[in-house]
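Asks: Residue numbers (the numbering used here), protein chains in the order written: chain Y, 1400 to 1744; chain C, 1400 to 1744; chain D, 27 to 367; chain W, 27 to 367.
Since the hints were derived computationally from the structure, they do not count as laboratory data. Keep in mind that the hints are not guaranteed to be accurate.
[To be verified] Label pairs and their in silico Cβ distance ranges: (1) C:G1468 to D:V28: 20 to 30 Å; (2) C:P1659 to W:Y47: 52 to 62 Å; (3) C:N1584 to W:Q180: 49 to 59 Å.
Using N, Cα and C, we set each Cβ at its ideal position, and we do this for glycine too.
Chain residues, written in single-letter form:
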Amino acid sequence: MPWDESLVNSLVYDEPDPKQGRVLSYVQSLNEALRIALEDNESVIVMGQGVDDPSAMFGSTKGLQDRFGESRVFDTPLSEEGMMGVCTGAAMRGLRPVYMHNRPDFILLAFNQLITHAAKCHFMDNGLTQVPLVVWAAIGRGWGSGAQHSQAIQGLLMGVPGLKILMPSTPYDAKGLMLQAIQDNSPTIIFEHRWLMKKNGFVPEGKYLVPIGQGVCRREGEDLTIVGASHAIELAYQASKLLAADGVDVEIIDLRSIQPIDDQLIEDSIRKTGRLLVVDTGWAIGGVCAEIGFRAVEKWFSYLKGAVRRVGLPDVPTPAGYALEQHYYPTAQNIVDVVKDMCRK
Amino acid sequence: MPWDESLVNSLVYDEPDPKQGRVLSYVQSLNEALRIALEDNESVIVMGQGVDDPSAMFGSTKGLQDRFGESRVFDTPLSEEGMMGVCTGAAMRGLRPVYMHNRPDFILLAFNQLITHAAKCHFMDNGLTQVPLVVWAAIGRGWGSGAQHSQAIQGLLMGVPGLKILMPSTPYDAKGLMLQAIQDNSPTIIFEHRWLMKKNGFVPEGKYLVPIGQGVCRREGEDLTIVGASHAIELAYQASKLLAADGVDVEIIDLRSIQPIDDQLIEDSIRKTGRLLVVDTGWAIGGVCAEIGFRAVEKWFSYLKGAVRRVGLPDVPTPAGYALEQHYYPTAQNIVDVVKDMCRK
Amino acid sequence: MVQYPYEGQGFKDWSGALEKYSDSFLIDLFYKMLRIRLIEEEIENRYFDDLMKTPIHLVIGQEATAVGACAALSTSDLLYSGHRTHGAYLGKGGDLKKMLSEMHCKANGCAGSRGGSMHLIDPDVGMAWSSAIVGGAIPIATGAALASQYKSDQNVTMVFFGDGGTEEGVCSESLNFASLKQLPIIFFCENNFYSVQSPLRTRQSQRDIFRWAEGHGINSSVVDGTNVLEVYEATKSAVEKIRDGGGPHFIEAKVYRFRAHGGAGDDSQTGYREVEEREMWERHCPVESYYSFLDQNNLGIKSQRPELQKQIEQEIRDCFEHALKSPEPKKADLFKYVYAD
Amino acid sequence: MVQYPYEGQGFKDWSGALEKYSDSFLIDLFYKMLRIRLIEEEIENRYFDDLMKTPIHLVIGQEATAVGACAALSTSDLLYSGHRTHGAYLGKGGDLKKMLSEMHCKANGCAGSRGGSMHLIDPDVGMAWSSAIVGGAIPIATGAALASQYKSDQNVTMVFFGDGGTEEGVCSESLNFASLKQLPIIFFCENNFYSVQSPLRTRQSQRDIFRWAEGHGINSSVVDGTNVLEVYEATKSAVEKIRDGGGPHFIEAKVYRFRAHGGAGDDSQTGYREVEEREMWERHCPVESYYSFLDQNNLGIKSQRPELQKQIEQEIRDCFEHALKSPEPKKADLFKYVYAD
Ligand SMILES: Cc1ncc(C[n+]2csc(CCOP(=O)(O)OP(=O)(O)O)c2C)c(N)n1
Ligand SMILES: Cc1ncc(C[n+]2csc(CCOP(=O)(O)OP(=O)(O)O)c2C)c(N)n1
Ligand SMILES: [Mg+2]
Ligand SMILES: [Mg+2]
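Same shape as in the complex, but just chain Y:
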């Protein structure tokens, strides 16, 4: 899919200067995180369809089987529900599985094991067992991914007690959150975005952790707060530049973790700006946008100067064709328009 790749490349902006630090691509950063985790702790195993093949899960698992052997890094049958249960059982017995999927769509096959088992084991048995596992998947988009290969299901999962859900947006966070997730004793899901995979960024050598449940302010601004995560932050960032040119100064909060949520960071920002726009890569209805927006009107109503808005996917499945896709996914310009509309009032 050459076109897809070139599109992914075109979204890599703000190229970091290698003189200022070590630059890695998002995928290299993930690969390094997995290598460090495997070295660090013998309990860590990595599995998934094709993790040992030449494509190596977008490159993120490249070389790992050669280095750590087939018992630690291995391919699996096409049995998502079964393997989710296998990971859960292995985790309850002391391993730390990292279970990788090409697409979140495939996790839907494993919802029973993920939601009704992995997320609840520790609670149900009064803390006697723990389920330290990581489920990883990359949200698809473009090149005909279509309705069955592009679903961003974070919104479906964020209400499920017992799960942690991470959505990094930079190579730095991709590594630090992966290492933290593997170390965490609860089941943790990492949703990447296919379009971030080629992004470059500064990534320190060795092991470092990014705490779960802690967001980060990517851009300070006075007029309006944009909250989101993952690829949505890229859009927000592009929009912020266009808006700045028009004299609108937005603040961008990158949640990084959508469960648990960094309320303090959002609160501080809304207190300052009084305006909130939530952006997400998933369906706008009933998901991340709705939850973050609800928090604002529930907890910080008195700071709000106007309506809270959201930019996510319309209430429509993803069309496969390119022409329709252009109307489906929100753009930086869409964000600009909404922000201007919000600030006008």
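Use these hints to put chains C, D and W with the ligands onto chain Y, whose structure you have.
Replies: The following block gives chains C, D and W with the ligands in isolation, referenced to the frame of chain Y:
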């Protein structure tokens, strides 16, 4: 489970007067709806684990197999994902399957077929096929249902484009919505609540339809709007009586359909009261509460006099034991407390 | 019509096998089955008091599988189960006090009252986990076996599930994975011909469950689940092969539950199965048929039984009393263990 | 090392079978395979133009299964498929113009550009649906067969899936249900030994796929998927039994894809399979081996081939041209068909 049954009975209040109309229990009303649908249209089939057994899905399928034969009303293997696909395929070929589950928890096994197939077929093939099927399940509660037999998953599904989701609260609606759902050409899910099953109410004879996407105002009031569906309406109703005694006059909106949502009804009510509380039988985080609340702050911000609040389940799996359960489920008194707090400000 | 008649041979031709075992071992099997039977009967009796606010799935009639299979395991071996947990938990040596406290929703229940009767767990004796979702424990047990293989800890993992469990796709997935990786696991299917009130014939094609399992490349066999010695020997042989590095095994045991799917009492009179059918199987009761067998073979069981029974009844009384006076959990407990530290 | 060598017999001993068929039938099979081959090659050639903005899963090397199996079906019979749709769609008689329009994301594509290459559908010829989710179409096809049985419409339903599809639990569930209800369906597994770049040995236990299927109580067989006549005869026999009221059938066909899992070109050089392995199978190319067979048996194919080829090439050019100048869908189209009227 004698105790469970007596508890369910104790929640049947406002006993309707049989002199004023025909009184049926919720389950009888469902049974009548299925019978009428089966008589009405040869394409209708009813399936599910135990639909033909003596328990007959809480009684809702009683007598149907005897009357309509094994090819139209039948038991299924314990293969939720497979049978969901079977229903989808049969629906695409002109049947109108009603697929019944004891508990929504079991639908999680079928999320791939439900979300990635049934909900999307019609869209993906440009309208060439339709998927007129009904999935039905009764939310469990009490008597040790616990974390794996009490999940109210409507919040997970409401963001999925292509699904309709119904949550009736009265015997009248249970029948009329079932008949409408069977007639609808899109995949429709009906979530009942175990604790409504013994409720009595007026139910007209013969066929009538309750439109999908249309809520109803159950109680008019001036001070605050409570929005919810299914069993949550019972709680709101109990709370409204307690509140009335204290001079607080709440309006109760029964959504009946949580996808699509009756925005107009909510808007009109909020315009009047300026205050919104959303109640749901599911987890409060990221579900129905969040979506309804978001709509308020997105579309009707100027009417809002204060924070929007929610009453749902805490961010915790369901405990099995009775003692802990008492602290888990919200009560009418909880609603009273929140409403008073909201009106105080 | 009796749909699923007992077709086994009971203990016919088993006298020869007696020489392999010590009297105490043979009597212990009886003791364990009797104990489970008496515990279950007492749970059933007391269920009407509404003090056990939990669903129950009695194993009355299915004692030989739990006891026979568990007798082939050591304490550190792991056991997983579906919703019908009582036999597995007790067979594996689970603490009766903790079990009854759990069923009474008490803070000192084996899962602090958070799991309920379908989630009996006792890590001290290898009763590892159970799921109330049909088939749910099967891949989890498979994962535990993967961990054992990975750690070379020599444990054998066993998982109990019903005939219905084999209808869930995840069972097929787990069998394939276990066979692929040659995992140290025994898949133990208690085929009692029914799922709730649904007979096998409305749910499964004309297939032998163990042959279906075999198609996954798994060593598979079928046993008379009313015969505790046959169950024991089949499991023992599987355990030995597995400890020698052999791959997974699948055992189908034909059994019958004498009570309703859930709750107290039988429900055959509702019509989904014939009362005769139950009565036929009751004539091959695993506890009593083994008792007669021991008796016929002069194991002196007749003289010992009253004492054993008394001892068990006393234990049961004590444990119920303990459960009843145990403390309830507090509100603050609810918010514990959502996430692990 | 060649992991999965060709172990078939090709057309050895098949000359006798020729008498059963008319020349035109035999040549038509060749024509259809050649047509698919040429279409696929042209799609491959043009893929680098980036005008087909869709994943492609070429069936080059797997033409005999689509053509042989579909030749045994009538137009009103139903066909379902997984992600590797091209062969199924064309084999069933799907409209090439609509297919290429779909792949060019045009409004007049067979699914209005909303489905893409993995969702080719043409209800007019019984190409009923396909799913991009591995195993996803299997229960849906099973449901279609249930509808046929219910309506007594005499249709046979067939569903294509890969070796990987049998690893999804839902495949086992569907086989059981089809067997239970004796549904009029053929489960057709194209076993090409790989799922993307993962060989069977990292995914499945030592099992024969068709034997595993048989364990569900289904009439099962295995065929050489490079031999279009063998595929045809196996399918034909299944279809006949089904039309006579027999139950479901399972056919495993051993095949090989000559190209990468997705996209254009082969990827064997990346190391997941040996180039030699592909070359070995290419020597048993379904199109060319059948061509030689016909030629050796004096079917006069040599003289006809250039004309057939020319005709196909012209058709392909026309259809591409049609696709390229077809209109794109409009924004308003996006919001259609979320719900059905
Ligand atoms: C996935 C799922 N589907 C349905 C149920 C409801 N259910 C609980 S127990 C049971 C019967 C299972 O039968 P079987 O596996 O044969 O075990 P048995 O009760 O006979 O021991 C059913 C259908 C469930 N718990 N989980
Ligand atoms: C449930 C699911 N898991 C994983 C994938 C990713 N995937 C797409 S095609 C494919 C290979 C399937 O192999 P097989 O079934 O043998 O078919 P083949 O491609 O060999 O024809 C995979 C793993 C998917 N689409 N769906
Ligand atoms: Mg059973
Ligand atoms: Mg394959």
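Asks: Does 20 to 30 Å hold as the CB distance between C:G1468 and D:V28, or does it fail?
Replies: Once the Cβ atoms are compared, 25 Å apart, the range 20 to 30 Å for D:V28 and C:G1468 holds.
Asks: Mind checking the hinted window 49 to 59 Å against the Cβ distance between C:N1584 and W:Q180?
Replies: violated (26 Å)
Asks: Take a look at whether the Cβ-Cβ distance between C:P1659 and W:Y47 falls inside 52 to 62 Å.
Replies: Holds: the Cβ-Cβ distance is about 57 Å, inside 52 to 62 Å.
Taken one by one, the earlier hints fail for this structure only at number 3.
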